[in-house]
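Those protein sequence lines, which keep their order, are chains B and A.
Counting in the numbering used here, the first sequence runs from 1 upward without gaps.
Counting in the numbering used here, the second sequence runs from 1 upward without gaps.
Calculated directly from the structure, the hints in this document are not laboratory data.
Mixed in with the good hints, there may be bad ones.
Distance condition first, Cα-Cα at most 25 Å in a straight line; then the derived DMTMM-like pairs of lysine to aspartate or glutamate [stated by the list, open to error]:
(1) K156(B) x D232(B)
(2) K8(B) x D451(A)
(3) K452(A) x D25(B)
(4) K304(A) x E285(A)
(5) K277(B) x D313(B)
(6) K159(B) x E504(A)
(7) K368(A) x D343(A)
(8) K8(B) x D445(A)
(9) K8(B) x E302(A)
(10) K8(B) x E75(A)
(11) K147(B) x D172(B)
(12) K452(A) x E225(B)
(13) K147(B) x E441(A)
(14) K550(A) x E5(A)
(15) K301(A) x E352(A)
(16) K447(A) x D25(B)
(17) K267(A) x E290(A)
(18) K6(B) x E449(A)
(19) K319(A) x D337(A)
(20) K267(A) x E302(A)
(21) K550(A) x E225(B)
(22) K71(B) x E441(A)
(23) K92(A) x E5(A)
To list a few chain B residues with every Cβ distance to chain A over 10 Å, as calculated [unchecked claim]:
(24) K6
(25) A13
(26) A35
(27) R89
(28) N101
(29) V165
(30) P170
(31) N223
(32) T262
(33) D286
(34) I324
(35) N347
Being a predicted model, the structure only gives us computed values, none of them experimental.
All C-beta atoms, glycine included, are put in the ideal place defined by N, C-alpha and C.
One-letter residues, chain by chain:
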Amino acid sequence: MSFLPKPKFRHPAIETNDLGFTHRDYEGAISTLCAGCGHDSISAAIIKAVYELSLPPHRIAKLSGIGCSSKTPTYFLGASHGFNSVHGRMPSVLTGANLANRDLIYLGVSGDGDSASIGFGQFAHSIRRGVNMVYIVENNGVYGLTKGQFSATSDKGSKNKRGVVNNDSPIDMVSMAIELGATFVARSFSGDKTQLVPLIKAAIEHRGAAFIDCISPCVAFNNHEGSTKSFDYVRAHNAALNALDFITPRAPISTEYEPGTTEIVRLHDGSSIRLHKIDASHNVHDRAEAMSAIHRHKAAGEIVTGLLYIDEDPQDLHTNLGTIAQPLNELNAPELSPGQALLDKMNAALR
Amino acid sequence: MKPTEIADPNYFHKVVDCQWACPAHTPVPEYIRLIAAGRYGDAYMINWKSNVFPGILGRTCDRPCEPACRRGRVEEQPVAICRLKRVAADYKEDIRERLPRKAAKKNGKRIACIGGGPASLTVARDLAPLGYEITVFDRDPLAGGMMRTQIPKFRLPESVIDEETDYVLNLGIDFRGNTPIDSMKKLLAEGYDAIFVGSGAPRGRDLDDLPGRDECRANLHIGIDWLSSVSFGHTTSIGERVIVLGGGNTAMDCCRSSVRLGGKDVKVVVRSGFEEMKASPWEKEDAMHEGIPILNYLVPKEFKHDNGKLTGVVFEKVKAEYDDKGRRRLVNSGEPDVLLECDDVLMAVGQENSFPWIERDIGIEFNKWDMPAVDETTYQCSRPGIFFGGDAAFGPKNIIWAVAHGHDAAVSIHKYCSGEDIKDRPPPMTTLVSQKMGIHEWSYDNKIENDKRYKVLTVDPAIALKNIKVESELGFDLKLGLAEAQRCLNCDVQTVFADNLCIECDACVDICPVDCITFTDNAEEDVLRTHLSAPATNKTQDLYVSGELKTGRIMAKDEDVCLHCGFCAERCPTGAWDMQRFTLNMTHAEGACRSRA
Chain B
1 MSFLPKPKFR
11 HPAIETNDLG
21 FTHRDYEGAI
31 STLCAGCGHD
41 SISAAIIKAV
51 YELSLPPHRI
61 AKLSGIGCSS
71 KTPTYFLGAS
81 HGFNSVHGRM
91 PSVLTGANLA
101 NRDLIYLGVS
111 GDGDSASIGF
121 GQFAHSIRRG
131 VNMVYIVENN
141 GVYGLTKGQF
151 SATSDKGSKN
161 KRGVVNNDSP
171 IDMVSMAIEL
181 GATFVARSFS
191 GDKTQLVPLI
201 KAAIEHRGAA
211 FIDCISPCVA
221 FNNHEGSTKS
231 FDYVRAHNAA
241 LNALDFITPR
251 APISTEYEPG
261 TTEIVRLHDG
271 SSIRLHKIDA
281 SHNVHDRAEA
291 MSAIHRHKAA
301 GEIVTGLLYI
311 DEDPQDLHTN
321 LGTIAQPLNE
331 LNAPELSPGQ
341 ALLDKMNAAL
351 R
Chain A
1 MKPTEIADPN
11 YFHKVVDCQW
21 ACPAHTPVPE
31 YIRLIAAGRY
41 GDAYMINWKS
51 NVFPGILGRT
61 CDRPCEPACR
71 RGRVEEQPVA
81 ICRLKRVAAD
91 YKEDIRERLP
101 RKAAKKNGKR
111 IACIGGGPAS
121 LTVARDLAPL
131 GYEITVFDRD
141 PLAGGMMRTQ
151 IPKFRLPESV
161 IDEETDYVLN
171 LGIDFRGNTP
181 IDSMKKLLAE
191 GYDAIFVGSG
201 APRGRDLDDL
211 PGRDECRANL
221 HIGIDWLSSV
231 SFGHTTSIGE
241 RVIVLGGGNT
251 AMDCCRSSVR
261 LGGKDVKVVV
271 RSGFEEMKAS
281 PWEKEDAMHE
291 GIPILNYLVP
301 KEFKHDNGKL
311 TGVVFEKVKA
321 EYDDKGRRRL
331 VNSGEPDVLL
341 ECDDVLMAVG
351 QENSFPWIER
361 DIGIEFNKWD
371 MPAVDETTYQ
381 CSRPGIFFGG
391 DAAFGPKNII
401 WAVAHGHDAA
411 VSIHKYCSGE
421 DIKDRPPPMT
431 TLVSQKMGIH
441 EWSYDNKIEN
451 DKRYKVLTVD
461 PAIALKNIKV
471 ESELGFDLKL
481 GLAEAQRCLN
491 CDVQTVFADN
501 LCIECDACVD
511 ICPVDCITFT
521 DNAEEDVLRT
531 HLSAPATNKT
541 QDLYVSGELK
551 TGRIMAKDED
561 VCLHCGFCAE
571 RCPTGAWDMQ
581 RFTLNMTHAE
591 GACRSRA
């Protein structure tokens with residue numbers, strides 16, 4: 001843990017995005033997590049993604065619960081809105097915020113304890129309702145803040161730091177998300193920013209419930225031999241289905257690609273992702289196949305990563321509920337109190 | 001790229017830009033830390049060992065360290081290294097107890113040093129404690145050479161020169177003032193074991209061929225001779241209208257001295273453009289602050305006079321033209337000539353060595369410029385046992401170069417007198433020591449201050465311009481000195497990487513405030529430089545490259561703008577990064593310089 005503030009000096013040739021910001025303008029306070037924590041890499045990936053998308057920080061809201069992962073929103077996007085909620089309750093708070101103001105980009109940051117244990121129900125309902133958000137689980141398979149107990153995502157048969165074997169079945173977050181109706185589901189690894197950053201960018205542009213399970217080694221309690229969430233283990237067993245490039249709406253899409261190995265996936269706002277298929281048989285538009293790929297690789301002892309499933313035409317909570325398009329804080333007296341005539345009409349309809 | 005060879009003493013030395021740029025390789029960050037700690041005496045002694053004249057250099061150094069300073073690449077201005085040196089000298093306690101003693105036993109070898117300037121005094125200081133019997137000859141009555149004769153007292157007070165030349169002379173040096181050497185042959189006959197020539201570049205260039213030069217000799221002065229005459233109090237006044245010809249530091253000293261000796265309308269006239277002037281930027285600034293205009297692109301053509309009384313100088317107006325190779329030529333601008341009226345002219349258009357006193361038949365070879373052929377490593381000329389240093393060796397440079405030459409010549413003399421091969425010169429010794437105190441604590445202050453460079457306090461011009469002996473700069477006071485010292489980035493505390501410990505977690509990449517660090521596939525240097533988090537375009541700065549890591553990638557760090565803040569090491573979970581203090585022990589004349597086997 002570092003006590004000093006990060007020096008203000010920047011590289012003299014640092015680049016700026018379309019808004020004139022450097023990537024350092026998207027930083028937050030200096031991290032108080034353990035040195036080398038995978039979560040810090042995910043924070044850096046979020047910073048990079050938002051910087052590259054040239055998003056104004058004040059149009060983003062970051063929400064979290066409790067845990068190491070849920071501390072991280074302090075360490076990125078210092079100029080964005082944030083809410084650090086009760087343990088496991090991030091999805092409810094995010095859903096509420098989203099209903100009140102659909103114009104913001106919602107970034108739900110959670111961990112395996114926060115989402116797979118105490119907040120499991122909350123996670124499930126926010127996904128099945130199709131809340132337009134990016135839901136990132138920083139998954140280290142261990143309770144780091146309480147010093148190393150198995151979490152609900154620890155693999156059966158994996159060992160804790162003291163050599164004890166876990167006998168419980170793990171919850172597989174991506175399978176759950178697909179089952180519950182998430183319209184964008186991916187898994188990645190904190191140690192692989194080339195994969196993670198485009199996934200976060202695509203998830204932000206996706207207008208629906210986007211879920212990313214990001215394996216994030218806990219250097220203090222879950223980076224030893226026998227762990228299935230360590231740097232070494234994940235690197236050795238990583239089975240990436242695809243690699244992605246995020247393409248902004250303005251960039252011309254190159255048509256030079258070999259059909260069957262590369263595919264363009266359109267996103268809502270005109271941007272798209274170029275998907276390089278590593279596993280040619282995988283179809284990202286097919287939920288059943290996504291489930292089967294997850295199970296197949298799991299059986300082979302591999303950790304499947306990449307974009308697993310996407311619905312290019314999602315329907316979100318606001319559409320389902322038919323809510324007003326304007327954020328609630330922009331509604332004034334005429335909209336909120338439409339007058340006696342309208343009330344009479346409504347009452348008449350109920351008779 | 002191949003993994004960086006950090007055991008090479010030059011690798012980390014180059015990262016300490018200031019120390020690398022200093023001809024004497026003064027450990028700058030080390031003494032700046034001591035100043036910050038209030039240990040002025042210790043800071044002074046570190047300087048004294050490296051550069052012999054901290055108080056003098058702290059006022060007059062040409063500061064090759066400052067343009068090199070890394071701080072100048074991450075913000076506007078480098079650390080005021082030179083003025084911090086002066087802080088150490090001004091506020092030190094009495095350090096005389098800490099100086100070397102006179103040698104208790106002489107070793108029976110006698111060395112003659114010709115000239116009592118910085119080069120000779122450095123040779124004397126390095127050799128006297130080893131038991132050498134040193135005799136220093138100088139044509140002037142007091143030691144110091146050009147430091148005493150050419151640098152005006154308002155920049156360098158007499159007391160500072162006395163103090164620091166005495167530290168050397170008190171080592172039992174036999175100083176013979178008012179003793180010009182007029183024949184090398186005669187000196188050789190006196191049987192010295194070795195002779196060191198540190199006689200400087202004593203001849204100021206004249207403008208002999210200009211019309212009117214001979215007629216108005218009384219009002220035309222050679223810059224360095226005039227300064228010397230002022231220095232010894234022989235000259236105490238000058239005409240009201242003065243033209244100084246030349247654009248070097250001597251010209252700046254001439255014009256500022258003129259203003260103090262009664263010059264009312266003093267101007268500097270240079271042939272070249274203002275930007276190309278040889279004078280240090282701060283010396284030009286100092287002159288201009290005193291209201292002295294600098295006129296450029298004017299080439300002197302004729303001295304005008306009225307029956308031998310100088311009335312003015314005619315200048316041709318020129319402009320710069322560049323050929324295909326970028327070489328500059330000054331050509332007539334087509335505008336009419338300019339006449340500038342004046343009472344006196346000071347010619348500061350260069351100076352050169354001159355050796356009329358060295359006979360040409362004693363085995364000392366002279367090159368095509370009629371200068372002695374001197375070896376650039378050993379400083380020996382073609383006759384064994386005779387060594388050159390300072391301006392006398394390779395033409396006019398400055399004090400800090402003279403000191404550096406002196407150290408190296410002393411090593412040669414020591415080896416020569418011990419019957420060893422003077423070409424066999426051991427490299428400097430280096431050490432690397434971890435600065436880790438706790439998991440996020442370092443034994444150096446790694447907080448980066450954002451302060452801009454502080455201005456040095458000066459005397460009110462109304463007082464300074466009235467008396468040539470009033471030092472115009474007051475230097476930093478303790479508070480400013482401390483604040484300026486905090487600007488140093490501690491570049492000698494190195495980021496040292498152990499590839500066998502790295503788990504490639506990216507923590508260092510993510511935290512680095514200046515995007516120095518990248519984990520990437522290996523490539524040739526030119527390609528690699530374009531593949532980094534921030535492109536490494538400054539090729540004068542090395543890339544630090546690790547061996548292959550577990551994923552097959554390498555770590556590449558661009559040293560260019562590293563702040564040495566230690567955050568990479570603080571955020572490293574395995575200690576693969578460590579902050580280690582690099583120290584460099586230059587090879588000086590002492591036991592170790594002779595053999596390290």
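Status of each hint after checking the structure:
| no. | hint | result |
| --- | --- | --- |
| 1 | K156(B) x D232(B) | holds, 18 Å |
| 2 | K8(B) x D451(A) | holds, 11 Å |
| 3 | K452(A) x D25(B) | holds, 22 Å |
| 4 | K304(A) x E285(A) | violated, 30 Å |
| 5 | K277(B) x D313(B) | holds, 21 Å |
| 6 | K159(B) x E504(A) | holds, 22 Å |
| 7 | K368(A) x D343(A) | violated, 39 Å |
| 8 | K8(B) x D445(A) | holds, 16 Å |
| 9 | K8(B) x E302(A) | violated, 57 Å |
| 10 | K8(B) x E75(A) | holds, 11 Å |
| 11 | K147(B) x D172(B) | holds, 22 Å |
| 12 | K452(A) x E225(B) | violated, 50 Å |
| 13 | K147(B) x E441(A) | holds, 24 Å |
| 14 | K550(A) x E5(A) | holds, 20 Å |
| 15 | K301(A) x E352(A) | holds, 22 Å |
| 16 | K447(A) x D25(B) | holds, 20 Å |
| 17 | K267(A) x E290(A) | holds, 11 Å |
| 18 | K6(B) x E449(A) | holds, 11 Å |
| 19 | K319(A) x D337(A) | holds, 13 Å |
| 20 | K267(A) x E302(A) | holds, 17 Å |
| 21 | K550(A) x E225(B) | holds, 16 Å |
| 22 | K71(B) x E441(A) | holds, 23 Å |
| 23 | K92(A) x E5(A) | violated, 39 Å |
| 24 | K6 | violated, 5 Å |
| 25 | A13 | violated, 6 Å |
| 26 | A35 | violated, 5 Å |
| 27 | R89 | holds, 29 Å |
| 28 | N101 | holds, 31 Å |
| 29 | V165 | holds, 24 Å |
| 30 | P170 | holds, 23 Å |
| 31 | N223 | violated, 7 Å |
| 32 | T262 | holds, 22 Å |
| 33 | D286 | holds, 32 Å |
| 34 | I324 | holds, 41 Å |
| 35 | N347 | holds, 60 Å |
The structure shown violates the earlier hints numbered 4, 7, 9, 12, 23, 24, 25, 26, 31.
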